[in-house]
Each structure stands twice: as structure tokens, then as C-alpha cells.
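**Q** Residues per chain are reported as follows:
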Amino acid sequence: MEVNLKKDIFKVAGKSLKSRLIVGTGKYKSLLETAKAVKASGASMITVAVRRVNILDKKKPLLSDYIDPKKTIFLPNTAGCFTSEEALRTLRLAREMGGWKLVKLEVLGDKKTLYPNMLETIKSTKILVKEGFKVMVYCTDDPLLAKKLEDNGASAIMPLASPIGSGLGLQNKVNISLIIKQSRVPVIVDAGIGTASDATIAMELGCDGVLINSAIAQANKPILMAKAFRDAVISGRNSYLAGRMEKNYFATASSPSEGLI
Amino acid sequence: MAKIQLNGKKVVINSKYSILDLLKKYNLANKKIAVEHNGVIVPKVMFKKRYLKNNDRLEIVQFIGGG
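From first to last, the protein sequence lines stand for chains P and R.
Following the working numbering, the numbering of the first sequence begins with 6 at its first residue and continues without gaps.
Following the working numbering, the numbering of the second sequence begins with 153 at its first residue and continues without gaps.
Hints were generated in silico from the structure; no laboratory data involved.
We put the beta carbon where it would ideally sit given N, CA and C, even for glycine.
Just so you know, not all the hints are guaranteed correct.
Stated by the list, open to error - To list a few chain P residues with every Cβ distance to chain R over 12 angstroms, as calculated:
id: 1; residue: Lys20
id: 2; residue: Leu22
id: 3; residue: Glu38
id: 4; residue: Thr83
id: 5; residue: Arg97
id: 6; residue: Lys117
id: 7; residue: Lys153
id: 8; residue: Asp156
id: 9; residue: Gly174
id: 10; residue: Lys178
id: 11; residue: Leu183
id: 12; residue: Ile228
id: 13; residue: Tyr254
id: 14; residue: Ser260
As the list claims (entries may be wrong) - Covered stretches of chain R, as calculated for chain P (at least 3 residues, CB under 8 angstroms):
id: 15; segment: 173-186
id: 16; segment: 199-209
id: 17; segment: 213-219
For reference, chain P alone in the conformation it holds in the complex (with noise of 0.2 angstroms):
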């Protein structure tokens, strides 16, 4: 088993990860709880926003002096924007703050649902690919459309479990195992994850990877909640690489019949 989980690595973009679990940081109720609770998850990749600095505030401390970004993958994200323009004004600031080539594209398109804008989401990441930056897309669970992401170059395929913070978890299997049967890219299940028996149904179905922040943020305990989220990604994964064994409707035994008295 040891030896599996040795060869078995995650890859996003030419980055080896040593978790499939991604953590989101928003919505905690304090930088140190968000701190804990990435830590707990064991994640080596997190996401972060970019929004203006408060002038108002100038010991306001930031989140990079709890998180050190040298240890830990930010994945900037494009979160809150609806168009095309705001979320590339968006990545390419964060581009500027450090380096990061490595983005989370979502552009929305509805402030009810936050469903994804595909339209917007396709034409940032033709542009994007081409001014160089890695794009993880989040998207619709549609496979037509996650083909187009990855025929214009997007380094994963983010498909949505359900509506953003709805905790509704995954809602349609099939389409996301259609796109992870067709997809050379990682698939990351993004969004709607809502406790830590449905990311691992998402890693059974053989996701590379899922992106949770509601789930454990919003848990009464985030720090247990985070470690739940660690071994329920590890368990699906390890489930998905031994193979379940098949369904049938009737009963075989488990106990030979020889040697019965």
C-alpha cells in the first residue's frame, strides 16, 4: 500500500502535490483559525483572494503572515468577478504580487446560483494560456465544455459538485465521471462539497482532486472537520486505486459451503 501511495502522485501543471485535498480560506472566523485549519487538512495548495488592502487599517495583519507562501501553494483566484475583464485585471495582479503563474479561473454568471459564466470562463482562458499563466478552470459539470477548456489549454478541469457554499455535495455523478474519463488534465470537483463522506465519492469516481472551503469553515469544528476532509480524500483515493469489487443483485456468501455441517 506504501509503496502505491509512493508512485501514486498528484500533478497539476508540472506541480507535484503531496495532497489531493485543496483548501479554500475563506470563511473562517479568524487568520489563525484559517492557519490551523490548513494545516490540519494536510493540503499543500490553498486558495486566496485578491482584494484592495485597507488603508484604513494599517496594522490589519495579512494572511501571508500567517500562511507562508514559500511553504504553501497559493492558487490565486478570480473570485466575485463576472466578466472576462475583471478576473484577467484580477490574475494579473496577482501575477505581479509574487510570481504566481498559477491561477483558479471563475468568472460567474449569476449572483443567486454563482454558476459559472462558460462563455466568459472559455474566452479569459484562451487569453490567459496565451500571456503564459497555468489556468485551473472552475466550470460547469458539462463534458462539451470542459473539452473546450482543455483544448484551449487549461491545466485543470474544475467542475462544480453543486452550487458554491450550498454543501449539497455531488449531484451529478455521471456527468463528472464523463469528464474524468475523457480529461488528460486533472479533474478537481469545485464547489458544493458539504461533509467529507461526499469528497471521498468524488475521489471513488477517480477525481484527481477536490477543493473545499464551506464544508470545513462552516463545520462547528473547522480543525476536526479539516482532518476528516485529509482521510476521507486519502480514503476515496486509496478505494478508487484498488477497484471496488461489482454489484449484484443477489447475495454470494461470504463463508465456503464446504465443510458445512
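Given chain P's structure and the hints, the job is docking chain R onto it.
**A** This is chain R only, laid out in the frame that chain P set:
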């Protein structure tokens, strides 16, 4: 004196103030930030030489928690 828009707020600064001077004033000189000057990203090496003038728009951004 010069009036500029800093992160959407009106701020009065000394004339002959560079971006670096402004960053120092807000304790941001050595932080992980990026600067946009009148809609154009300013490379870090230019902070010292780029002076601010009346009606300039400046955006200073950082990484915060996000999903």
C-alpha cells in the same frame, strides 16, 4: 499637496511623493502587494521612480482568504 484616489478613497499626499513613499506610509513597503496606477499595473522595480500627481488613481491589492 496632491489629491489622489487610493483604493477608492480620497487621500491627500505631499507633492513629489513616489509610490514607494506612499507604501512606506501605510506600512506596506515589504508586504506581498501589487499596485495599479491609473489602471496600469506597476512593476515593483518602478515603485521608487513613479511619482504621484493630482487626480491619480491608485489601487493596492493583497491576498486575503477566499475559496
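**Q** Please go over all the hints and tell whether each is borne out by the structure.
**A** Hints versus structure:
The Cβ of Lys20/P sits about 18 angstroms from the closest Cβ of chain R, beyond the 12 angstroms cut-off, so the non-interface label holds. A cut-off of 12 angstroms between C-beta atoms confirms that Leu22/P is not in contact with chain R; the least separation is 18 angstroms. Residue placement check: Glu38/P does not keep its beta carbon more than 12 angstroms from all beta carbons of chain R (closest about 10 angstroms). Not every CB of chain R is more than 12 angstroms from the CB of Thr83/P (nearest about 10 angstroms), against its label as outside the interface.
Not every CB of chain R lies more than 12 angstroms from the CB of Arg97/P, the least distance being 6 angstroms, so the non-interface label is violated. The Cβ of Lys117/P sits about 17 angstroms from the closest Cβ of chain R, beyond the 12 angstroms cut-off, so the non-interface label holds. The claim that Lys153/P lies off the interface holds: its Cβ sits roughly 24 angstroms from the closest Cβ of chain R, which is beyond the 12 angstroms cut-off. For Asp156/P, the requirement that its beta carbon stay farther than 12 angstroms from each beta carbon of chain R is met, with the minimum near 27 angstroms.
Residue placement check: Gly174/P keeps its beta carbon more than 12 angstroms from all beta carbons of chain R (closest about 16 angstroms). Non-interface status of Lys178/P relative to chain R is upheld: no Cβ of that chain comes within 12 angstroms, the nearest being about 22 angstroms off. At roughly 25 angstroms, the least C-beta separation between Leu183/P and chain R is larger than 12 angstroms, which holds for a residue marked as non-interface. Distance check for Ile228/P against chain R: the nearest CB is about 15 angstroms away, which clears 12 angstroms, and the non-interface claim stands.
Even its closest Cβ contact with chain R, about 41 angstroms, leaves Tyr254/P beyond 12 angstroms, as expected for a residue assigned away from the interface. Chain R leaves Ser260/P outside its interface by the beta-carbon criterion, the shortest separation being 49 angstroms against a cut-off of 12 angstroms. Only residues whose C-beta sits within less than 8 angstroms of a C-beta in chain P count toward coverage, and the segment 173-186 of chain R has 7 of them, enough to reach three; the restraint holds. Counting residues of the segment 199-209 of chain R whose beta-carbon sits less than 8 angstroms from any beta-carbon of chain P gives 0, not enough to reach three: the coverage restraint is violated.
Residues of the segment 213-219 of chain R lying with their CB closer than 8 angstroms to a CB of chain P number 7, which satisfies the three-residue condition for coverage.
Violated hints for the displayed structure, listed by number in ascending order: 3, 4, 5, 16.
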